[in-house]
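Colleague: Given next are the chains, with one letter for each unit.
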Amino acid sequence: MTPLHRGPMSWLDRPKNVTKIYLGLWSFGAALLIADLVVHRRAEAGLDGWFGFYGVYGFAACVALVLAAKLLRRGVRRPEDYYDR
Amino acid sequence: MIAEVPAGLILVAAGLLVPLAPPALRGALGVAAPLLAFAQLLWVGAGYRLELEAFGFTLALVRTDALSLAFGYVFTIAAFLNGIFSWQARRGVEQPAALVYAGAALAAVFAGDLLTLFVFWELSAIASALVVWAGGGPRAYGAGMRYLMVQLASGMLLAAGAGLRYAQSGSLAFEAIGLDSPGGALIFLAFGVKCAFPLLHNWLQDAYPEASATGTVVLSAFTTKLGIYALARGFPGAEPLIWIGTAMTAFPIFYAVIENDLRRVLAYSVNNQLGFMVVGIGLGTDLGLNGAVAHAFADILFKALLFMSMGAVLLRAGTVKGTELGGLYKSMPWTTGLCIVGAASISAFPLFSGFVTKSMIMASAAQEGHTGVWLVLLFASAGVFHHAGIKIPFFAFFAHDSGIRCKEAPAHMLIAMALAAALCVGIGVFPAALYALLPLPVDYAPYTASHVLSQLQLLVFSALAFSWLMRNGIYPPELRSVNLDSDWLYRGIGPRVAARLERSLQALLALSGNAAGVLGRRGAAAVERLHGSRGVLARTWPSGSMALGIMLMLLAFLLSYYLL
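Residue numbers (this note's numbering), protein chains in the order written: chain A, 820 to 904; chain B, 16 to 579.
Keep in mind that the hints were calculated from the coordinates and are not lab data.
Check before you lean on any hint, since a few could be wrong.
What the hints assert, rightly or not - Partial selection, computed: residues in chain A whose CB lies under 10 Å from chain B:
{"hint": "1", "residue": "K839"}
{"hint": "2", "residue": "L851"}
{"hint": "3", "residue": "A880"}
{"hint": "4", "residue": "A887"}
{"hint": "5", "residue": "Y902"}
Just so we're clear, the structure is a prediction, and the values are computed from it rather than from any experiment.
The beta carbon of each residue, even a glycine, is placed where N, CA and C say it ideally should be.
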């Protein structure tokens, strides 16, 4: 571990490129939704036969997870040395 | 001849030899012993039994069948990977303890009766506590002590349950047990502690992050998967397991999102993955049981890979706290890539191991009509991608550049990680090889267009949720903190209540002591007054007064004689 010295900027250091990845991910998601129209998906549990079920569920699940975890943090967060005192 | 020795004892013997061997040979011993044990398992094959007369019992020291062999193979592979990963670690007790621990767990898997199981159950508990302590420092000491208490309690429950069963049925055989007897219930609880059932889970998050960079890798492989094996052997199709397992998949992911120590995040995801296996065992179908075994096999490998990558980060950067890391991909590109393979495997990306194993359990839950359970499992699948698949690599290797510039992980660590990564991809690409090891016939095709598409949708939109929350500043930042979990009962409130009780008891004692003191002093004063040197009863009376008294008495007698 050497002290901070910034080398040459890497490709990922530029916010512009991160935005490119972000938009690329959205396009991939959109492509997967379009594929949903083409591929005949075999429903496993009934409701997953709906159009875009997995995409919507995955997005909603993660947002709900993060919001719930933020609430949980309010209740359970303690200083780092809580058990050492 | 070598077939006559239980495979686990090969590792135990190697562990005991390590301290006697010259330092240059110790690394080789840690790699050669698992290879020998693996070869021995291949040689022996299924249907082998080694019995021993002891304590008036016929003990089945070794019993091999497809179920025990599947766990046996992956345990020896994990021990082998650990041998390479910790090649240079010469931390006193850790390497021998790790070998004894792996050997005891391996021997426990092949135990054909409950007494043999108990012996190796306890040996693995003690050896693994030594691995925790080898982390060094007071925190590791405390966590190791709590860990040992919990593991020994599990052993006590197992011994009590086995005793009750023996009294009832006269047999110690370790076959399907069932929940319908008190002995069975105790054994269920003993296995539940090892599998980290909800509320019995916190020993895992408490102890694993306190071990050394190499120690956590070995800890993550054996204890909990031994519990899964024992559940699959003893309680297949026990319905409560479906609900217990479902809870296990869901609740740890909330903690994983807000946890700062990345190895503790992984410990929460151990819990979440065990939940899937427990559900599979509870379903009890061919697909569910096969899925549980297959997922345990895959999980040992990708979890080892993830813990190895975090171990390498701890070794080089000196910390695994999310708050202090970031941008390490510049210094440790190989570790970054290998960590991402582990992350893709645990997240069940197509072509990685989790995709072909976890889906068996999900499919079985759906087929059995457990739609609610299936929805929770799907939520947990998105959640595990979120915290183990994205959070771990993102905060360690990307995020904001922490400015840490360190060396890439040492060669032996990279080799171990690369082998684990190859196995993760190998299972994902050639699932038939793993399916051939499973205890029941497999009728499942993971690579259908439908399955690949639905899984990709789930994962890509989970990733979109993460990046959307991140870019909009909604994602909770990494914070230095301790998050209260069920260990608060015995680390926080428990000791405080005990301390308060002790204080009240002392106060009560002091009070009663005071009361006794006051009574005693008053009593002593009364005695002093009456009998003391000037006390009324201690005075010397003149003999004349005695004569007067007697004369008065005689006079009274005389008078009464005449008058009455």
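Colleague: Holds or violated: is there a CB of chain B closer than 10 Å to the CB of L851/A?
Modeller: This interface hint holds because 5 Å falls under the 10 Å limit.
Colleague: Regarding the hint that A887/A lies at the interface with chain B, is the smallest CB-CB distance below 10 Å?
Modeller: At 6 Å from the nearest chain B Cβ, A887/A passes the 10 Å test, so the hint holds.
Colleague: Measuring from the C-beta of A880/A to each C-beta in chain B, is the shortest one below 10 Å?
Modeller: 4 Å, holds
Colleague: Should the interface hint for K839/A be scored as holding, given a Cβ-Cβ cut-off of 10 Å against chain B?
Modeller: 12 Å, violated
Colleague: Can we keep the Y902/A interface hint, with Cβ of chain B closer than 10 Å?
Modeller: Holds. Min distance 5 Å.
Checked against the numbered hints above, the structure violates only hint 1.
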